[in-house]
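*Asks:* Okay, here's what each chain looks like letter by letter:
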Amino acid sequence: MARRVAIVGTGQTYHKSHRLDVNGRELINEAVTRALADCELSIADIDAIIIGNMDHFESINYVDTWSVEGSGGYMKPIMKVTTGGTTGSSVAIAGYYHVASGLFDKVLAIGWEKNSESDTTAAIVTCSDPIWDRFSYSGAIPSLATEASAYMEQYGATQEDAARVAVRERTHALNNPYAQMYNRPITIKDVMESPMLAYPIKLLDVCPRTDGACAVVFAAEGVAEKIAVRPAWVKSCSVRHTTTWFGDVDYNTGMLSLKRASKEAFEKAGIKDPVEEIDVAELYLPYSYAGLKWIEAIGFCGPGEGPKFIWDGNTDMGGKLPINPSGGVMCTNCIGATALLRVAEAAIQIMGKGEARQVPDVTNAMATGFGGCWWSDVVILGKDKPN
Amino acid sequence: MGIDRKDTELLTVTFDKGMPYEWSIGKYGSRFFQEIKEHKRFLGTRCPKCGRVLVPPRRICGPCFQELDELVELSDTGTIMAFSVVNYPFIDPATGIQRPIPYTYGYINIDGSDNIFSHIINETDANKIKVGMKVRAVFKESQEMEGNIQDIKHFEIIR
Ligand SMILES: [Zn+2]
Numbered sequence: 001m002a003r004r005v006a007i008v009g010t011g012q013t014y015h016k017s018h019r020l021d022v023n024g025r026e027l028i029n030e031a032v033t034r035a036l037a038d039c040e041l042s043i044a045d046i047d048a049i050i051i052g053n054m055d056h057f058e059s060i061n062y063v064d065t066w067s068v069e070g071s072g073g074y075m076k077p078i079m080k081v082t083t084g085g086t087t088g089s090s091v092a093i094a095g096y097y098h099v100a101s102g103l104f105d106k107v108l109a110i111g112w113e114k115n116s117e118s119d120t121t122a123a124i125v126t127c128s129d130p131i132w133d134r135f136s137y138s139g140a141i142p143s144l145a146t147e148a149s150a151y152m153e154q155y156g157a158t159q160e161d162a163a164r165v166a167v168r169e170r171t172h173a174l175n176n177p178y179a180q181m182y183n184r185p186i187t188i189k190d191v192m193e194s195p196m197l198a199y200p201i202k203l204l205d206v207c208p209r210t211d212g213a214c215a216v217v218f219a220a221e222g223v224a225e226k227i228a229v230r231p232a233w234v235k236s237c238s239v240r241h242t243t244t245w246f247g248d249v250d251y252n253t254g255m256l257s258l259k260r261a262s263k264e265a266f267e268k269a270g271i272k273d274p275v276e277e278i279d280v281a282e283l284y285l286p287y288s289y290a291g292l293k294w295i296e297a298i299g300f301c302g303p304g305e306g307p308k309f310i311w312d313g314n315t316d317m318g319g320k321l322p323i324n325p326s327g328g329v330m331c332t333n334c335i336g337a338t339a340l341l342r343v344a345e346a347a348i349q350i351m352g353k354g355e356a357r358q359v360p361d362v363t364n365a366m367a368t369g370f371g372g373c374w375w376s377d378v379v380i381l382g383k384d385k386p387n
Numbered sequence: 388m389g390i391d392r393k394d395t396e397l398l399t400v401t402f403d404k405g406m407p408y409e410w411s412i413g414k415y416g417s418r419f420f421q422e423i424k425e426h427k428r429f430l431g432t433r434c435p436k437c438g439r440v441l442v443p444p445r446r447i448c449g450p451c452f453q454e455l456d457e458l459v460e461l462s463d464t465g466t467i468m469a470f471s472v473v474n475y476p477f478i479d480p481a482t483g484i485q486r487p488i489p490y491t492y493g494y495i496n497i498d499g500s501d502n503i504f505s506h507i508i509n510e511t512d513a514n515k516i517k518v519g520m521k522v523r524a525v526f527k528e529s530q531e532m533e534g535n536i537q538d539i540k541h542f543e544i545i546r
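Chains as they are written, first to last, in the numbering used here: chain S, 1 to 387; chain U, 388 to 546.
Calculated directly from the structure, the hints in this document are not laboratory data. For clarity, every value in this text was computed on a predicted model and none was experimentally measured. C-beta: ideal position from N, C-alpha, C; glycine also. Only true hints are included.
Using 25 Å as the maximum straight-line C-alpha spacing, the simulated PhoX-like pairs for lysine-lysine come out as follows: (1) 259/S to 436/U; (2) 16/S to 393/U; (3) 414/U to 427/U; (4) 353/S to 385/S; (5) 272/S to 259/S; (6) 383/S to 320/S.
Which stretches of chain S does chain U cover? Using the computed rule of at least three CB atoms under 8 Å from a CB of chain U, they are: (7) 121-127; (8) 140-150; (9) 190-204; (10) 236-246.
So the derived label-pair ranges between C-beta atoms look like this: (11) 267/S to 446/U: 28 to 38 Å; (12) 276/S to 533/U: 53 to 63 Å; (13) 126/S to 457/U: 29 to 39 Å; (14) 511/U to 203/S: 16 to 26 Å; (15) 252/S to 447/U: 20 to 30 Å; (16) 154/S to 447/U: 29 to 39 Å; (17) 20/S to 457/U: 54 to 64 Å; (18) 303/S to 400/U: 41 to 51 Å; (19) 252/S to 546/U: 18 to 28 Å; (20) 447/U to 102/S: 27 to 37 Å; (21) 390/U to 18/S: 17 to 27 Å; (22) 126/S to 398/U: 20 to 30 Å; (23) 267/S to 533/U: 48 to 58 Å; (24) 466/U to 352/S: 48 to 58 Å.
In isolation and in its complexed conformation, chain S is listed as follows:
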């Protein structure tokens, strides 16, 4: 039987497009130092480390070994986990597994990226199949654009609907000094007038490229309560990775992996009505249209109802179910850290440490990861110890 596990500390860097003042190890160290300070532990207290990034982005192949100075992994059990965009949620879930197994009491999960060190799109293209897909594939944006065009065709959603999501993220980022897009609000008109990158996605519909890192400390029941005043308990984790072929994705059925992962995670967490029972969600929404379509896959609203759900203000701060109080992926995207930031921000909401971006009275928080070829991870955190 798995042990109960909680998040007891989080740390993140102030995110920027270029951090030329630090190398990767030093960037990692900033996040680790902040996470340890957050839970008042020292590196000596940490039993094992999980680290991940998109290793081809920096062309660093043995990140686990290469990073020990920054991570604090010197003479400790350390493992690298890398799964594309879901890397951040994978390191979190692997950290959870380590503690839940009973073999380690306190585990540090780290995600990081220096996107400034390579051509991000070129690097992402190398994730696709070299024989069949790489010739026509052009990175994350057009494969998302194909999904968006199919969604618009199916439900009559508009570019303005998507722009409303983009505006929400930037508005929320006004409350998050860590966000790369901190203090850079936009309007629907700004989004609509921004350059078309790949129809129907415009510049302000997509995430930026970021240098940044995040670290999260997981601790076992019995230990966690002594470290944190209010630990963020892991109620459930769910992982669904589907296919490696972009052509095998059915763009009309919605995000199958997210649908399945959400369903399982809610069931395991005992959540029957997600909209009523989830108080805040930090979702890996790499582009605005995901804020319409993917919340349908999660089950926050029915198929085709995403735009209305958004326009009604349900997902704004003060709404029924605030999404991405941090500003989300469209305001900060250091890819290997991105999904871990979702988990960390969800934990921050449970722990009541969100300051200006805090949602009041959070009992349950949800975090997701997205990556690879339409893969999804879901993590549910709660204020109360799981059954």
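The hints should help you fit chain U with the ligand onto chain S, whose structure is shown.
*Replies:* Just chain U with the ligand, lined up with the frame of chain S:
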């Protein structure tokens, strides 16, 4: 006397050399390119368990975890399931230089198959292309073919 730490210029180191790889296409994939060269038609494989015809042809159906050995002959036409006109510059890792833009990335359901084939459509005006349109593959001349994905030049809309 210490070292003056002020005003240090922040430097980066650049790596820009080629690094070749040789990827095995496999049995059915190799046959796919042979069919294109000899008959200008597509080839898929059928899964005995779920019944789907998959293209490019492969030996394993992921969802069924099932070995496939039935080769299925397909035509050179299909339907646009989704598309995107790419307008932003990026380095093509296959060539090391910027990929020519704009170009249209298309998801095409090849007639007789049950999944999507990714390729390029030679229409970059977003107003002239729609999901559901029929397309036909345009191939290189047989003698110019090299046994790779670029033996298919692009897909053109059947108007
Ligand atoms: Zn099958």
